[in-house]
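> My request is simple: use the sequences and hints to build the entire structure.
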Amino acid sequence: MIEVLYFAWLRERIGLPRETVETSAATVRDLIAELCMKDARYGLAFADISAVRVALDQTLSDFDARLAGVREVAFFPPMTGG
Amino acid sequence: MLRIQEAAFDLGEEANAFDARGAGAVVTFSGIVRDNGGQLIGMHIEHYPAMTERSICAIMDQARARWDLVNVLVIHRYGYLPVGAPIMMVATAALHRVAAFEAAEFLMDYLKSRAPFWKQEITATGAAWVQAKSEDEAALRRWGE
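Line by line, the protein sequences give chains A and B.
Using the working numbering, you'd call the opening residue of the first sequence number -5 and step up by one each time.
Using the working numbering, you'd call the opening residue of the second sequence number 120 and step up by one each time.
Among the clues, some could well be false.
Partial list, computed: chain A residues near chain B (C-beta under 7 Å) [what the hints assert, rightly or not]: (1) 1; (2) 3; (3) 17; (4) 41; (5) 44; (6) 45; (7) 49; (8) 68; (9) 72; (10) 73; (11) 75.
The calculated SDA-like cross-link candidates involving lysine to any residue, where the alpha carbons are at most 25 Å apart (straight line), are [what the hints assert, rightly or not]: (12) B:252 to B:190; (13) B:252 to A:53; (14) B:252 to A:50; (15) B:252 to A:43; (16) B:252 to A:42; (17) B:252 to A:52; (18) B:252 to A:20; (19) B:252 to A:19; (20) A:32 to A:18; (21) B:252 to A:57; (22) B:252 to A:56; (23) B:252 to B:262; (24) B:252 to A:71; (25) B:252 to A:54; (26) B:252 to A:45; (27) B:252 to A:44; (28) A:32 to A:9; (29) B:252 to A:38; (30) B:252 to A:40; (31) B:252 to A:72; (32) B:252 to A:18; (33) B:252 to A:48; (34) B:252 to A:46; (35) A:32 to A:19; (36) B:252 to A:41; (37) A:32 to A:12; (38) B:252 to A:32; (39) B:252 to A:3; (40) B:252 to B:155.
Hint data in this document are derived by calculation from the structure and do not stem from the laboratory.
Cβ coordinates follow ideal geometry from the N, Cα and C atoms, glycine included.
Written as structure tokens, this is what we have:
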């Protein structure tokens, strides 16, 4: 079980701020592929992965990172703070 | 010191309250909601609460490690902000101005692209997410990223 969070336009396209996902995905990339199989909304949100950033347990990471031991995965667009 | 808040803050009050005892230079910077030629009504800022504080603390620690700072303050707001409202503020105090200026710029560059905030511009016709700029990412390179 993993908590998956979505922010900004990813949240809007998927239609959820967060969900608990039962997954055996080894990497972030595998998790995205699994999500995209579930519903077309995910395919739309993850269509251009170069526009998506990921954090694992609140630390910026990358799509090849492994999910073993990770509790929270967050997907969001590039940050626009300041 | 770090504050992440929805409430408005007063730039002057914060600058006056900033403890710079022992410093010879204080730099303050504030970002405000610009009206983009009269088009904008306001801005909505979303953030990732569990990550925001942790990531900004890490950025502040890096600034303290690089420059000899007497004090550092970061305030960043989220939620709805009307045109003209301060979005965020950085203050740095150091013995000399070069350290204070550089540390403030460093903090700003990192807050723009490494703190989990997302701005949405609100106009009379709707809302649009602000796109990250490639210059913002490029700005990090001068600090060795």
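> Does each hint hold? Answer for all of them.
The hints, checked one at a time:
Taken as an interface hint, residue 1 of chain A checks out: its beta carbon lies about 6 Å from the nearest beta carbon of chain B, inside 7 Å. A distance limit of 7 Å between C-beta atoms decides the matter here; for residue 3 of chain A the minimum to chain B is near 5 Å, and the interface restraint holds. Nearest Cβ of chain B to the Cβ of residue 17 of chain A: about 20 Å, over the 7 Å cut. The hint is violated. For the restraint placing residue 41 of chain A at the interface with chain B, the shortest Cβ-Cβ distance is roughly 16 Å, beyond the 7 Å limit, so the hint is violated.
The interface hint given for residue 44 of chain A is violated, since its Cβ lies 12 Å from the closest Cβ of chain B, which is over the 7 Å cut-off. A hinted interface residue such as residue 45 of chain A counts as satisfied when its beta carbon comes closer than 7 Å to some beta carbon of chain B; here the least separation is about 9 Å, so the hint is violated. At its closest, the beta carbon of residue 49 of chain A sits 6 Å from a beta carbon of chain B; the interface hint therefore holds under the 7 Å criterion. For residue 68 of chain A, the interface hint holds, the least distance from its beta-carbon to any beta-carbon of chain B being 6 Å, beneath 7 Å.
Taking 7 Å as the C-beta contact cut-off toward chain B, the hint placing residue 72 of chain A at the interface holds, the least distance being around 4 Å. The closest approach between the C-beta of residue 73 of chain A and any C-beta of chain B is roughly 6 Å, which is under the 7 Å cut-off, so the hint is satisfied. The interface hint given for residue 75 of chain A is met, as the beta carbon of that residue sits about 3 Å from the closest beta carbon of chain B, less than 7 Å. The hinted pair formed by residue 252 of chain B and residue 190 of chain B fails the criterion: a straight-line CA distance of about 30 Å is larger than 25 Å.
Our distance criterion of 25 Å between C-alpha atoms is met by residue 252 of chain B and residue 53 of chain A, whose separation comes to about 22 Å. The hinted pair formed by residue 252 of chain B and residue 50 of chain A meets the criterion: a straight-line CA distance of about 24 Å does not exceed 25 Å. With a CA separation close to 17 Å, the supplied pair residue 252 of chain B and residue 43 of chain A stays within the 25 Å bound. A hinted pair counts as satisfied when its Cα atoms are at most 25 Å apart, and residue 252 of chain B with residue 42 of chain A qualifies at roughly 17 Å.
For the proposed pair residue 252 of chain B and residue 52 of chain A, the alpha carbon gap of about 23 Å is at most 25 Å, so the pair holds. For the proposed pair residue 252 of chain B and residue 20 of chain A, the alpha carbon gap of about 32 Å is over 25 Å, so the pair is violated. Taken as a hint, the residue 252 of chain B and residue 19 of chain A pair is broken in the structure, with Cα atoms around 32 Å apart against an allowance of 25 Å. A C-alpha spacing of about 14 Å is found between residue 32 of chain A and residue 18 of chain A, which places the hinted pair at or below 25 Å, so the restraint holds.
Under the criterion of a C-alpha separation no larger than 25 Å, the hint pairing residue 252 of chain B with residue 57 of chain A is consistent with the structure, at around 21 Å. Taking the CA atoms of residue 252 of chain B and residue 56 of chain A, the gap is about 20 Å. The hint holds against a cut of 25 Å. For a cut-off of 25 Å, the pair hint linking residue 252 of chain B to residue 262 of chain B stands: about 17 Å separates their Cα positions. Distance check on the hinted pair: residue 252 of chain B and residue 71 of chain A sit about 12 Å apart at the alpha-carbon level, within 25 Å; holds.
Simply put, residue 252 of chain B and residue 54 of chain A have alpha-carbon atoms about 18 Å apart, close enough for the 25 Å limit, and the pair holds. The straight-line distance between the Cα atoms of residue 252 of chain B and residue 45 of chain A is roughly 12 Å, inside the 25 Å bound, and the hint therefore holds. A distance of roughly 14 Å separates the Cα atoms of residue 252 of chain B and residue 44 of chain A; the hinted pair therefore holds under the 25 Å criterion. A hinted pair counts as satisfied when its Cα atoms are at most 25 Å apart, and residue 32 of chain A with residue 9 of chain A qualifies at roughly 13 Å.
Restraint check for residue 252 of chain B and residue 38 of chain A: satisfied, since their Cα atoms lie roughly 22 Å apart, inside the 25 Å limit. A C-alpha spacing of about 20 Å is found between residue 252 of chain B and residue 40 of chain A, which places the hinted pair at or below 25 Å, so the restraint holds. Restraint check for residue 252 of chain B and residue 72 of chain A: the C-alpha separation of about 9 Å stays at or below 25 Å, so the hint holds. A distance of roughly 35 Å separates the Cα atoms of residue 252 of chain B and residue 18 of chain A; the hinted pair therefore is violated under the 25 Å criterion.
Between residue 252 of chain B and residue 48 of chain A, the direct Cα distance comes to roughly 18 Å. Compliance with the 25 Å bound is thereby established for this hinted pair. Only pairs whose Cα atoms come within 25 Å are accepted, and residue 252 of chain B paired with residue 46 of chain A is accepted, the gap being roughly 14 Å. For a cut-off of 25 Å, the pair hint linking residue 32 of chain A to residue 19 of chain A stands: about 14 Å separates their Cα positions. Restraint check for residue 252 of chain B and residue 41 of chain A: the C-alpha separation of about 20 Å stays at or below 25 Å, so the hint holds.
Our distance criterion of 25 Å between C-alpha atoms is met by residue 32 of chain A and residue 12 of chain A, whose separation comes to about 15 Å. A hinted pair counts as satisfied when its Cα atoms are at most 25 Å apart, and residue 252 of chain B with residue 32 of chain A does not qualify at roughly 32 Å. Only pairs whose Cα atoms come within 25 Å are accepted, and residue 252 of chain B paired with residue 3 of chain A is accepted, the gap being roughly 16 Å. This hinted pair checks out: residue 252 of chain B and residue 155 of chain B have alpha carbons roughly 16 Å apart, not beyond 25 Å.
Going through the hint list in order, the structure does not satisfy hints 3, 4, 5, 6, 12, 18, 19, 32, 38.
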